Amino acid sequence: KIEVDAAMLAPLMETENAFVKGKGVIKYDFANDIFDAAVGVNVNLVSIINGHGFIHLNINGSTDEWFFKVGEPSDRITLSVLDFINFDSYLMMGNSGIPGIPDPPAHVTSQLKGYNPIRLPGISSGKGLVFGASMSYGPADLEFLIFYLRLGAGIGFDIGLQHFSEGCNGSPNLPGIDGWYANGQMY
1 KIEVDAAMLA PLMETENAFV KGKGVIKYDF ANDIFDAAVG VNVNLVSIIN
51 GHGFIHLNIN GSTDEWFFKV GEPSDRITLS VLDFINFDSY LMMGNSGIPG
101 IPDPPAHVTS QLKGYNPIRL PGISSGKGLV FGASMSYGPA DLEFLIFYLR
151 LGAGIGFDIG LQHFSEGCNG SPNLPGIDGW YANGQMY
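With the first letter of the sequence shown counted as 1, position 52 gets the number 52 in my numbering; the numbers rise by one all the way through.
To be clear, the hints were calculated from the coordinates, so they are not data collected in a lab. Computed from a prediction, not measured in an experiment: that's the story for all the values here. Check before you lean on any hint, since a few could be wrong.
[What the hints assert, rightly or not] Here are the simulated lysine-lysine pairs, DSS-like style, with alpha carbons at most 25 Å apart:
no.: 1; residue 1: Lys27; residue 2: Lys69
no.: 2; residue 1: Lys27; residue 2: Lys113
no.: 3; residue 1: Lys1; residue 2: Lys69
no.: 4; residue 1: Lys127; residue 2: Lys113
Throw the hints in and build the complete structure from the sequences for me.
Written out as structure tokens, the structure reads:
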């Protein structure tokens, strides 16, 4: 087991003042043939740029299962400039435990009357590649005399390409082409 502490953009030997800090663990379980590495990073550039994220690699040599994640849909890599312009993203790939694309964010679905996501419970995880990103700005509250304006906007997407070994409800009819099924959304 190796524990890692990292710092960037700091005076020499003054890591507590670094703008970018990270911690991680790299370990190998010889008894079960499992390699696991995880690193988390925080960014704080004088409250102008803030962010965080993580990278996780897991390889199970005894079951031949693996995954590589740079963030997850529920814990994305984020970067915020002046707490006004926000970026976030995630990327996951592997042959085990890769979830499907998430529902759109709550602030999007709340604007869609009668929105009913089509997420089949039997087709929620598998092997493949899933990634997504979004960008937003605001909200900005502006005021001039008796006029008020609240301004904000955003755009985002999620894309998934997954392979499944069985169809819906255990059916032998595989989704997509030979079990490879792609779906996505843009908001």
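*Could you tell me which of the numbered hints above are not met by this structure, giving the numbers in increasing order?*
2, 4
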